[in-house]
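Which chain is which? The protein sequence lines are A and B, in order. Under the numbering used here, the first residue of the first sequence carries the number 1, and numbering increases by one thereafter. Under the numbering used here, the first residue of the second sequence carries the number 1, and numbering increases by one thereafter.
A couple of the hints might just be wrong.
[To be verified] Derived lysine to any residue pairs resembling SDA-like cross-links, with alpha carbons at most 20 Å apart:
| no. | chain 1 | residue 1 | chain 2 | residue 2 |
| --- | --- | --- | --- | --- |
| 1 | A | Lys48 | B | His69 |
| 2 | B | Lys65 | A | Lys48 |
| 3 | B | Lys66 | A | Lys65 |
| 4 | A | Lys65 | B | Gly34 |
| 5 | B | Lys41 | A | Asp12 |
| 6 | B | Lys48 | A | Ile61 |
| 7 | A | Lys55 | B | Thr15 |
| 8 | A | Lys48 | A | Ile61 |
| 9 | B | Lys48 | A | Lys55 |
| 10 | B | Lys55 | A | Ile61 |
[Stated by the list, open to error] Going by beta-carbon spacing under 7 Å, a handful of chain A positions derived as facing chain B:
| no. | residue |
| --- | --- |
| 11 | Ile23 |
| 12 | Leu63 |
| 13 | Ile85 |
| 14 | Val87 |
Please keep in mind that the hints were generated in silico from the structure rather than gathered at the bench. Predicted, not measured: the structure shown is a model, and the values here were computed from it. Yeah, the Cβ is synthetic: ideal placement off N, Cα and C, and Gly gets one too.
There are 2 protein chains.
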Amino acid sequence: MMSATVPSESMDQGTADRLRSMIERVERLESEKGDISEDIKGVFQEAKSEGFDTKAMKAIIRLRKKEAHEREEEEQLLELYRQAIGV
Amino acid sequence: MMSATVPSESMDQGTADRLRSMIERVERLESEKGDISEDIKGVFQEAKSEGFDTKAMKAIIRLRKKEAHEREEEEQLLELYRQAIGV
């Protein structure tokens, strides 16, 4: 078992550095995710300013996501049947 | 008022193209966001495999976010007071 799992008085410098590095990676990724969320808001603001209804747009996006998901499931099922029957 | 806001029999091709373009932009951004979420999961898996406790890591990340937020609030308040007093 690694030292990191065992609560003791302190953590050696190498382990602490590794921990800090991973925490900072997560923070950078979360920050990028936040930027993308802002970009998405921006697209909807743009759409709204052009007279589009963003609620309807969001419904379309949900429908397309559902369709894509269902298509994927159908393909996986077909693949399973193909393998079972040897087609 | 633009044609897009008024439900009528159909939408002209230009408006439809514009709508499709914006919907696809949102979908691309959402897909990028999903990729980043996967990357974040990856960092935590990596951390876990090295013996780090991801629950404690997440608590640290929350604390740092809170600290950053509080620091920002303090700075804004200081700025407000500086402007009020003219320092």
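Outcome of the hint check:
| no. | hint | in the structure |
| --- | --- | --- |
| 1 | A:Lys48 with B:His69 | violated (30 Å) |
| 2 | B:Lys65 with A:Lys48 | violated (32 Å) |
| 3 | B:Lys66 with A:Lys65 | violated (34 Å) |
| 4 | A:Lys65 with B:Gly34 | holds (13 Å) |
| 5 | B:Lys41 with A:Asp12 | violated (25 Å) |
| 6 | B:Lys48 with A:Ile61 | violated (35 Å) |
| 7 | A:Lys55 with B:Thr15 | holds (17 Å) |
| 8 | A:Lys48 with A:Ile61 | holds (16 Å) |
| 9 | B:Lys48 with A:Lys55 | violated (40 Å) |
| 10 | B:Lys55 with A:Ile61 | violated (33 Å) |
| 11 | Ile23 | holds (6 Å) |
| 12 | Leu63 | violated (10 Å) |
| 13 | Ile85 | violated (34 Å) |
| 14 | Val87 | violated (32 Å) |
Checked against the numbered hints given earlier, the structure breaks hints 1, 2, 3, 5, 6, 9, 10, 12, 13, 14 and satisfies all the rest.
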